[in-house]
Amino acid sequence: MTTNIFALGLGVGTHNSNGEWLDIFYPKPLLYPTPELTACIANLDLEQANNTPLSSEQRSQLHAALVACGDAGQAEVAQQLCNSDAPTVAVLLRSDEAPATVPEAYLKLHLLSHRLVKPHGTDLTGLFGILPNVAWTNEGAVDLAELPQRQLAARLKGEVLEVSCVDKFPKMTNYVVPEGVRIAHTARVRLGAYLGKGTTVMHEGFVNFNAGTIGPGMIEGRISAGVVIGAGSDLGGGASIIGTLSGGGKIVISVGEECLIGANAGIGFPLGDRCTVEAGLYVTAGTKVSMIAADGKTVERVKARELAGKSDLLFRRNSGSGAVECLTNRSAVELNAELHAHN
Amino acid sequence: MTTNIFALGLGVGTHNSNGEWLDIFYPKPLLYPTPELTACIANLDLEQANNTPLSSEQRSQLHAALVACGDAGQAEVAQQLCNSDAPTVAVLLRSDEAPATVPEAYLKLHLLSHRLVKPHGTDLTGLFGILPNVAWTNEGAVDLAELPQRQLAARLKGEVLEVSCVDKFPKMTNYVVPEGVRIAHTARVRLGAYLGKGTTVMHEGFVNFNAGTIGPGMIEGRISAGVVIGAGSDLGGGASIIGTLSGGGKIVISVGEECLIGANAGIGFPLGDRCTVEAGLYVTAGTKVSMIAADGKTVERVKARELAGKSDLLFRRNSGSGAVECLTNRSAVELNAELHAHN
Amino acid sequence: MTTNIFALGLGVGTHNSNGEWLDIFYPKPLLYPTPELTACIANLDLEQANNTPLSSEQRSQLHAALVACGDAGQAEVAQQLCNSDAPTVAVLLRSDEAPATVPEAYLKLHLLSHRLVKPHGTDLTGLFGILPNVAWTNEGAVDLAELPQRQLAARLKGEVLEVSCVDKFPKMTNYVVPEGVRIAHTARVRLGAYLGKGTTVMHEGFVNFNAGTIGPGMIEGRISAGVVIGAGSDLGGGASIIGTLSGGGKIVISVGEECLIGANAGIGFPLGDRCTVEAGLYVTAGTKVSMIAADGKTVERVKARELAGKSDLLFRRNSGSGAVECLTNRSAVELNAELHAHN
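Protein chains in written order, with the working numbering: chain X, 1 to 343; chain R, 1 to 343; chain C, 1 to 343.
In case anyone wonders, no lab produced these hints; they're calculated from the structure. We put the beta carbon where it would ideally sit given N, CA and C, even for glycine. Watch out, some of these pointers could steer you wrong.
Label-pair restraints from in silico Cβ distances [stated by the list, open to error]:
#1 C:Thr101 / R:Gly121: 55 to 61 angstroms
#2 R:Gly70 / C:Ala153: 34 to 40 angstroms
#3 R:Gly121 / X:Gly180: 30 to 36 angstroms
#4 R:Asp295 / C:Asp312: 35 to 41 angstroms
Heads up, simulated DSS-like pairs for lysine-lysine below, C-alpha to C-alpha not over 25 angstroms straight-line [what the hints assert, rightly or not]:
#5 C:Lys118 / C:Lys310
#6 C:Lys157 / R:Lys28
#7 C:Lys168 / X:Lys288
#8 C:Lys288 / R:Lys197
#9 R:Lys297 / C:Lys288
#10 R:Lys168 / C:Lys157
#11 R:Lys157 / X:Lys157
#12 R:Lys303 / X:Lys297
#13 X:Lys28 / X:Lys157
#14 X:Lys28 / R:Lys157
#15 X:Lys168 / C:Lys197
#16 C:Lys288 / X:Lys288
#17 X:Lys197 / R:Lys303
#18 R:Lys288 / C:Lys288
#19 C:Lys297 / X:Lys157
#20 R:Lys157 / C:Lys157
#21 C:Lys310 / X:Lys157
#22 X:Lys288 / R:Lys197
#23 X:Lys157 / C:Lys168
#24 R:Lys288 / X:Lys297
#25 X:Lys118 / X:Lys310
#26 C:Lys297 / X:Lys303
#27 X:Lys168 / R:Lys157
#28 R:Lys28 / R:Lys297
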């Protein structure tokens, strides 16, 4: 009997000198493979091999099975793995559970960056503990314990081992560049970021893993882990979005559609649609905000977290009084009723 | 008869597998070549070849012509192009018109970064539409459609294809490093930036194309497209300059000489000379500013855009009242007269 | 007679075509070598050779001497230098004086990044004048005068010479990655930075030379030259620390232990322990701060520099009044007494 599976990845990666995985590159990860494909590979016992490099024989069997089930794309990958000088792996995730091995963790990060799952769309529990800290170099992933000797060896030849990152997460673009994006400086987008079509990440932009944009949008500020930006929204240069609300539980911060967060601004609570935050203004969840009605009068002062998810708001600091204000195109009565709807 | 020409570039570049240009490197671009040089190359019909790789015969003819006219520098470039493994091109721009091909667009960007024209000094109309979006890698420019296979091929050999940028604009320093500059992190300066002698761009600095510094100066903040910073001015860490005024037409934002824009500050209107913006203060064009006279009294409140281009101003947010203030070393009467001179 | 010496470095480096040093890599720099080691190398006259590449004979003698004194680590380095294709050097600093040569300057920067001396722990007088401005490329350090020809040569072969930095300081991680750190984007940490164990420098973090963290800590903002951050302190995304106090002499800016400087915030004076600066607030040394007592009343207004080094303070901008305020968990009487203790 064949059951559905969550994801499948055929990959090629890097080992340290102890044969431990440092990273894995999955050229064509699959979410919910078809029943046909699942049936074809059912007797290969891949699930038991989620952390073990494929033998030459296993690679041949895998290739044959994928040819047999008619999946040309996966069969092509399998064929290429047959000729790999680097260690290869096949990871089969029967269900969406917390990753238990480096290959599983990397497959999940690939699912996000290949736009197969949205941020918060797969279980990443314990991810930091699974991922090794790695030196990312021009010669690929290098174990930190092996780095000094590799650096000296390069130097003695008159070369340099370029260490561009020392981190648990590599840059996304060395694994996948999703269609329809520009990323002016790729060191600022981690593998596991989700960039929707039409997203431009400028040099000052940043996107963490399990976070991103629905797209299109212009990202010149920092999208922390877990944060999602809606379609048509712009994040100004140097703008900051705090990862989680420090009060009121673990509310996920998000930005709705067609918002504009100005340069050097910041927010610490979720925005609805069509909101604007003035350049240079930081509104944390606890910032007290003066609600300004259409007649210019202050209706009341509320903490910003009470405005979470509300649309059509404009935040500014009054340049005369210094007060943080919120304007809206809705009437004071309407606004007031909404704010207190759940009191 | 020989006429003047605007610019000439002999270059070597990269093609995708369809023979389309991805980028061009011009080692010694020329602005307004001498009449002698223009005469020498007149019968080579280069203008018709602005997008076509040079044949071996054309390269020899070009070299011979440049030797004949006695331009040793260009002749040397031409000679080296004769032995190129990569596609070469000669671009002749009879006048300064909107770029029509990738080689023309790259020549114009080179003119800026070689300090041959200042920002706004050449017609860049339609530039975004002409430039292809490219994966910039350690193996050079790679077509995005060809990237996945190239990445997999590198991986199978145990190597990695480092993708450092996915953008229409490459980094300037892979094409030219103008004399007398330091650029601590080159990914932050696009080809087409203009960096005057004595400019230091620190790690947090950024310079877009068609923008830059007259120099000298210390740039630790972001210079948006179209913005020019005068000599002797410092842009503090994380400081932001908005590209264009959102009101009052398409006024170009600029900063005069000997200005100091503090860390994490920002401006959205042009500054004159010797102006200071306090660290952390963002003054947009629409910010209402209290004009403070020498006696400490507020003369009036004006929108910052009314102060565009005025010199000797200091902007701060009063740490007691929260008001955005502007101080000057000129008398209130003088200032007031100037502000209302064009009412 | 053998005297104590300050530091010793066996290194391999890069020359320009004139035989001038561009950089030196010291795999295992030594601070205060043991008397035994000092005695062993005493007759090699290394001190006279601080700027001269080692001859083949000198390298053999050095290796023999280090084997003789039983220092396996240094002997191993010396052995490897014997087989170097690149120029090698042995630098002996008898005392801690201002660096006089490029190899001496690089040794001092290594002492900092290897955590052998803390920031301000070695004399760096005149460092900028000693260090050459260098193009840091995928082929190593390149003299700026030799760069254009190297770039063209690479292009003619269809390759690209990647110029990642044009600066007097290279990135730290191409020389050493100290144990127990993560550096998400290595271009932002200069050689000469001191990163304590447990330090994470995120993509937006930056650490200059002669500056750093005692660790552990999360650094997402900019640590200017000379600034030190105490253990357990976090520097938020885009936060800025000004290098030196502009008033009151050359006071070194520092941050104590367990401080939290919010995203896009900034300080221009030293903080004590357990201080908090609200996200988005920039407090310069001259900012007037309202001291708020436990009863919510303003005790007095003081310039921030008067609060230098004091602990348990929270800085915020009142979102209603716009005033910069400082709260403390100590009583107003206690605070007032402390502020005026040295009047």
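Taking the hints in turn, this is what the structure says about them:
1. Separation of Thr101 (chain C) from Gly121 (chain R) is about 43 angstroms and departs from the stated range, judged on CB atoms against 55 to 61 angstroms.
2. At about 25 angstroms, the CB distance of Gly70 (chain R) to Ala153 (chain C) disagrees with the hint of 34 to 40 angstroms.
3. Distance hint check for Gly121 (chain R) and Gly180 (chain X): the Cβ-Cβ separation is about 33 angstroms, which falls inside the suggested range of 30 to 36 angstroms.
4. The given range of 35 to 41 angstroms is respected by Asp295 (chain R) and Asp312 (chain C), whose C-beta atoms sit roughly 39 angstroms from each other.
5. Restraint check for Lys118 (chain C) and Lys310 (chain C): satisfied, since their Cα atoms lie roughly 22 angstroms apart, inside the 25 angstroms limit.
6. Among the hinted pairs, Lys157 (chain C) with Lys28 (chain R) is consistent with the structure: their alpha-carbon atoms are about 18 angstroms apart, no more than 25 angstroms.
7. Distance restraint check for Lys168 (chain C) and Lys288 (chain X): the Cα-Cα separation of roughly 46 angstroms exceeds the 25 angstroms cut-off, and the hinted pair is therefore not satisfied.
8. Restraint check for Lys288 (chain C) and Lys197 (chain R): the C-alpha separation of about 38 angstroms exceeds 25 angstroms, so the hint is violated.
9. A threshold of 25 angstroms between alpha carbons decides the hint, and for Lys297 (chain R) with Lys288 (chain C) the separation of about 18 angstroms falls inside it, so the pair holds.
10. Restraint check: the Cα-Cα separation between Lys168 (chain R) and Lys157 (chain C) comes to about 23 angstroms, which is no more than 25 angstroms; the hinted pair holds.
11. Between Lys157 (chain R) and Lys157 (chain X) the CA atoms are separated by roughly 22 angstroms; this keeps the pair inside 25 angstroms, and the hint holds.
12. Among the hinted pairs, Lys303 (chain R) with Lys297 (chain X) is consistent with the structure: their alpha-carbon atoms are about 21 angstroms apart, no more than 25 angstroms.
13. The suggested pairing of Lys28 (chain X) with Lys157 (chain X) is violated, with an alpha-carbon distance near 37 angstroms, which exceeds 25 angstroms.
14. Under the criterion of a C-alpha separation no larger than 25 angstroms, the hint pairing Lys28 (chain X) with Lys157 (chain R) is consistent with the structure, at around 18 angstroms.
15. Distance check on the hinted pair: Lys168 (chain X) and Lys197 (chain C) sit about 16 angstroms apart at the alpha-carbon level, within 25 angstroms; holds.
16. Taking the CA atoms of Lys288 (chain C) and Lys288 (chain X), the gap is near 22 angstroms; set against the 25 angstroms cutoff, the hint holds.
17. Of the supplied pair hints, the one linking Lys197 (chain X) and Lys303 (chain R) is violated, its CA atoms being roughly 38 angstroms apart against a limit of 25 angstroms.
18. Simply put, Lys288 (chain R) and Lys288 (chain C) have alpha-carbon atoms about 22 angstroms apart, close enough for the 25 angstroms limit, and the pair holds.
19. For the suggested pair Lys297 (chain C) and Lys157 (chain X), the alpha carbons sit about 68 angstroms apart, so the restraint of at most 25 angstroms is broken.
20. Taking the CA atoms of Lys157 (chain R) and Lys157 (chain C), the gap is near 22 angstroms; set against the 25 angstroms cutoff, the hint holds.
21. For a cut-off of 25 angstroms, the pair hint linking Lys310 (chain C) to Lys157 (chain X) is broken: about 52 angstroms separates their Cα positions.
22. Of the pairs offered as hints, the one joining Lys288 (chain X) and Lys197 (chain R) is violated, with about 47 angstroms between alpha carbons and a cut-off of 25 angstroms exceeded.
23. Under the criterion of a C-alpha separation no larger than 25 angstroms, the hint pairing Lys157 (chain X) with Lys168 (chain C) is consistent with the structure, at around 23 angstroms.
24. Between Lys288 (chain R) and Lys297 (chain X) the alpha-carbon distance is near 18 angstroms, which keeps this suggested pair within the 25 angstroms criterion.
25. Pair hint Lys118 (chain X) plus Lys310 (chain X) holds up; C-alpha atoms about 22 angstroms apart against a cutoff of 25 angstroms.
26. Taking the CA atoms of Lys297 (chain C) and Lys303 (chain X), the gap is about 21 angstroms. The hint holds against a cut of 25 angstroms.
27. For the hint pairing Lys168 (chain X) with Lys157 (chain R), the CA-to-CA distance comes to about 23 angstroms; that is within 25 angstroms, so the pair holds.
28. Pair hint Lys28 (chain R) plus Lys297 (chain R) does not hold up; C-alpha atoms about 57 angstroms apart against a cutoff of 25 angstroms.
Violated hints for the displayed structure, listed by number in ascending order: 1, 2, 7, 8, 13, 17, 19, 21, 22 and 28.
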